[in-house]
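Visitor: One letter stands for each residue in the lines below.
Number of protein chains: 2
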Amino acid sequence: MLNETNVKLGKVRSSIRELFEYGKKRKAEIGEENVYDFSLGNPSVPAPPEVKAALSDLIENSDAVALHGYTSAQGDFKVRDKIAGYINKRFATSLDADCIYMTCGAAASLTITLNALVNEGDEVITFAPYFPEYKVFSEHAGAKLVAVQCEDETFQIDFAKLKAALSAKTKAVIMNSPNNPSGVVYGAECVKKLCALLKEHSKKTGEPVYLISDEPYRELVFDDGIKAPYIMNCYDRSIVCYSYSKSLSLPGERIGYIAVNNAMEEFSDVYAGICGAGRALGFVCAPNLFQQLVARVYDKTADISVYKNNRDTLLKALGEYGYTVVKPDGAFYLFVKSLEKDSKAFAERAKKYELLLVAGDDFGCGGYVRVSYCVSPEMLKRSLPAFKALAESYR
Amino acid sequence: MLNETNVKLGKVRSSIRELFEYGKKRKAEIGEENVYDFSLGNPSVPAPPEVKAALSDLIENSDAVALHGYTSAQGDFKVRDKIAGYINKRFATSLDADCIYMTCGAAASLTITLNALVNEGDEVITFAPYFPEYKVFSEHAGAKLVAVQCEDETFQIDFAKLKAALSAKTKAVIMNSPNNPSGVVYGAECVKKLCALLKEHSKKTGEPVYLISDEPYRELVFDDGIKAPYIMNCYDRSIVCYSYSKSLSLPGERIGYIAVNNAMEEFSDVYAGICGAGRALGFVCAPNLFQQLVARVYDKTADISVYKNNRDTLLKALGEYGYTVVKPDGAFYLFVKSLEKDSKAFAERAKKYELLLVAGDDFGCGGYVRVSYCVSPEMLKRSLPAFKALAESYR
Chain A
1256 MLNETNVKLG KVRSSIRELF EYGKKRKAEI GEENVYDFSL GNPSVPAPPE
1306 VKAALSDLIE NSDAVALHGY TSAQGDFKVR DKIAGYINKR FATSLDADCI
1356 YMTCGAAASL TITLNALVNE GDEVITFAPY FPEYKVFSEH AGAKLVAVQC
1406 EDETFQIDFA KLKAALSAKT KAVIMNSPNN PSGVVYGAEC VKKLCALLKE
1456 HSKKTGEPVY LISDEPYREL VFDDGIKAPY IMNCYDRSIV CYSYSKSLSL
1506 PGERIGYIAV NNAMEEFSDV YAGICGAGRA LGFVCAPNLF QQLVARVYDK
1556 TADISVYKNN RDTLLKALGE YGYTVVKPDG AFYLFVKSLE KDSKAFAERA
1606 KKYELLLVAG DDFGCGGYVR VSYCVSPEML KRSLPAFKAL AESYR
Chain B
1256 MLNETNVKLG KVRSSIRELF EYGKKRKAEI GEENVYDFSL GNPSVPAPPE
1306 VKAALSDLIE NSDAVALHGY TSAQGDFKVR DKIAGYINKR FATSLDADCI
1356 YMTCGAAASL TITLNALVNE GDEVITFAPY FPEYKVFSEH AGAKLVAVQC
1406 EDETFQIDFA KLKAALSAKT KAVIMNSPNN PSGVVYGAEC VKKLCALLKE
1456 HSKKTGEPVY LISDEPYREL VFDDGIKAPY IMNCYDRSIV CYSYSKSLSL
1506 PGERIGYIAV NNAMEEFSDV YAGICGAGRA LGFVCAPNLF QQLVARVYDK
1556 TADISVYKNN RDTLLKALGE YGYTVVKPDG AFYLFVKSLE KDSKAFAERA
1606 KKYELLLVAG DDFGCGGYVR VSYCVSPEML KRSLPAFKAL AESYR
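Chains A and B, in that order, are what the protein sequence lines are. FYI, in my numbering the residues of the first sequence are 1256 to 1650. FYI, in my numbering the residues of the second sequence are 1256 to 1650.
What the hints contain is simulated information worked out from the structure, not anything from laboratory work. One or more hints might be untrue.
Copies of the same chain are indistinguishable here, so a pair counts whether it falls within one copy or spans any two.
The calculated DSS-like cross-link candidates involving lysine-lysine, where the alpha carbons are at most 25 Å apart (straight line), are [stated by the list, open to error]: (1) Lys1263 to Lys1482; (2) Lys1279 to Lys1643; (3) Lys1482 to Lys1571; (4) Lys1643 to Lys1459; (5) Lys1307 to Lys1333; (6) Lys1399 to Lys1263; (7) Lys1424 to Lys1454; (8) Lys1337 to Lys1279; (9) Lys1418 to Lys1454; (10) Lys1424 to Lys1263; (11) Lys1282 to Lys1333; (12) Lys1279 to Lys1333; (13) Lys1606 to Lys1448; (14) Lys1482 to Lys1555; (15) Lys1333 to Lys1592; (16) Lys1333 to Lys1280.
Please model the entire structure based on the sequences and the hints provided.
Guide: Written out as structure tokens, the structure is:
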């Protein structure tokens, strides 16, 4: 008998991928320009020009043995030093290179962190709607994922529900802001309240609770009013899982990091656990060329104004057509209320209008669909009549 | 409580890394040129010129969104198709793109494969001396690693011992040829005998046994006489774990693949298990730029004549000084008989002569030390008097 959990996981393609594959087929049938594919969270804006320049320079002018050689498992010291310095400057923290562990992107940041923290039978809490792989990652690490529904319509944390979900088994809480799929950003008040509640719970049970902040969309916040605090300044037992996939439009290159808050008492054990988990999972080191790259362009971003314009266009149009949309402050997702109770049926009906939308059920939150607007502005404009017709079909 | 297994794993640096760090300190004290560091298996020869040319071309002339975007989880179809075609041409197999799963290097190939195959309580057999991470990877996947000692002096498989180790719990056997740390290549007879024995055992127990061939050193075979058969032509339930780290001198870039033999009955389940395990461990896809790279240079190698010359120089000199060396046909390691019973004490004494050698104990095989000769020919020559003096100190 093979490992049935993993065989099953490999056979059931995620519904997002399923929809994407349907879209490819449909485009072949009726023409690329006639299908409005909002299924994937794949950046549509190219990497900033500094990426190309830095990659060219590294390849032309570095010693190949060093450039392509192993780095230490936690990443090249100079790279980690630069990143720590940047975080300190920007968020007034006191990290050093040895608080940073370079990874192959956000998924690796999460699996490594979870494998460092949890033991069989522990619980990991997250807020629904949530990125579906949190469940896969938590379960592989031996924990149960407990999803706490957000407040309806605002999609901020529902503290009464969170309180009820916390238990002596809670080892960690994963927060994801800006959120995939809701696009919501947790404001300062919300984050402070979350940290206070976790501290209180820890005090009561005597068990530490780690706050894992999954931040691939950190740079994709569109409204100047939004100033979410850096989690390390609010909570000692915090770990930031970062990825350059979205900010630098490098999702296929797998580069990111884990930053462990050195304010926590057991810092050295947690960091050691991360090193050990990275080793056991088979991540020898993050790709060296891309480590060297981010050491040069860590403060750059792709042109995110494209996403902001897409959001504004879509938000305005959908409002006019009678849709209810969760107020989105970041990422590149709109979470739109389904026009019928069953959001899977709604997403299915959308396909008749060649609109590919992902049912919220896949994110642990029925009644909504996710619209990934990391698409070309031209396609977005072409799709508006389809959104309109879909709404009218429900009148 | 954190995950103690991983915390411990992160705290205990491998003795190889420990020795490497000692070397760095020692070089700072007495000068780089006076320390003879044979500790790490880090390629010393640069990547072939085709690598630089292909990387430059990809970066200059590709669309950045596509070049740095996600590929499918198993890797870009065209890349997999090229690799399957190359394997077919070279080894007369009948693989297609969907037999190949691109990975972040050999370690990832192994952890993903093990997590696809094993269940809690299964056993994985390997042959000592062996790469120490096999134990870490097997245990994380839930299996026990059973090490079967090789024949003394020849370091070929000891079939009587293997027979005794096989049980109903045996899920997989990991073979590694050319071998790290012995440098030994298993010849055709040995491989055929291994396959026959595993088939016989499977037939008896009714339980499939998978043969995992860990082949990062496949291209590093120095003697024309050696023609090891491709494992897929001998055994249906075989899985090849490959990495371009050593052949293309790209160890830090993390690029390799898993090839699953489509001759096995349960092929689609095994491949699905690999896809599922890759997902659960947090490998979203292998780095896209390096996938595209290997699709262009899969048949190139770094200049391995440097390693062959190093081996010949060292072999001749050590023989003259009275050392006994396992006959090495590949990789870039010599396995040298310790001049005292305790090989740790021997490696410790070698440090007095500024020779950094790894005790065989770390590879599950005391009584020997590993000499990694992926070093500059100049350093190798400078080190010879130290090897001589070390031998003389035992007279």
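Visitor: Could you run down the list of hints and mark each one as holding or not?
Guide: Do the hints match the structure? See the list:
1. Taking CA atoms no more than 25 Å apart as the test, Lys1263 paired with Lys1482 passes in neither setting, with 42 Å inside one copy and 39 Å between copies.
2. Proximity of Lys1279 and Lys1643 under a CA criterion of 25 Å is satisfied intra-copy only: 23 Å inside one chain copy versus 67 Å between copies.
3. In this assembly of identical chains, Lys1482 and Lys1571 lie within 25 Å of each other by CA distance solely inside one copy; the values are 24 Å within and 68 Å between copies.
4. Within a single copy, Lys1643 and Lys1459 get their C-alpha atoms no closer than 52 Å, and across copies no closer than 66 Å, so neither meets the 25 Å cut-off.
5. Taking the shortest Cα distances, Lys1307 and Lys1333 sit within 25 Å of each other both inside one copy (21 Å) and across copies (24 Å).
6. When the C-alpha separation of Lys1399 and Lys1263 is checked against a cutoff of 25 Å, the pair qualifies both within a copy, at 18 Å, and between copies, at 23 Å.
7. Taking CA atoms no more than 25 Å apart as the test, Lys1424 paired with Lys1454 passes inside one copy only; the shortest distance there is 15 Å, against 46 Å between copies.
8. Taking the shortest Cα distances, Lys1337 and Lys1279 sit within 25 Å of each other only across copies (22 Å), while inside one copy they are farther apart (41 Å).
9. Taking the closest pair of Cα atoms, Lys1418 and Lys1454 come within 25 Å of each other only inside a single copy of the chain (12 Å); across copies the shortest separation is 56 Å, beyond that limit.
10. For a Cα distance limit of 25 Å, the shortest separation of Lys1424 from Lys1263 across copies, 22 Å, qualifies, whereas the shortest one inside one copy, 27 Å, does not.
11. For a Cα distance limit of 25 Å, the shortest separation of Lys1282 from Lys1333 across copies, 20 Å, qualifies, whereas the shortest one inside one copy, 46 Å, does not.
12. For the identical chains of this complex, Lys1279 and Lys1333 are inter-copy neighbours only, at 16 Å across copies versus 43 Å inside a copy, given an alpha-carbon limit of 25 Å.
13. When the C-alpha separation of Lys1606 and Lys1448 is checked against a cutoff of 25 Å, the pair qualifies neither within a copy, at 41 Å, nor between copies, at 57 Å.
14. Taking the closest pair of Cα atoms, Lys1482 and Lys1555 come within 25 Å of each other only inside a single copy of the chain (19 Å); across copies the shortest separation is 51 Å, beyond that limit.
15. For the homomeric pair Lys1333 and Lys1592, neither the shortest alpha-carbon distance inside one copy (47 Å) nor that between copies (39 Å) is at most 25 Å.
16. Taking identical chains as interchangeable, the C-alpha atoms of Lys1333 and Lys1280 lie at most 25 Å apart only when they sit on different chains, with a minimum of 18 Å there against 46 Å within one chain.
Hint compliance for this structure: hints 1, 4, 13 and 15 are not met, and every other hint is.
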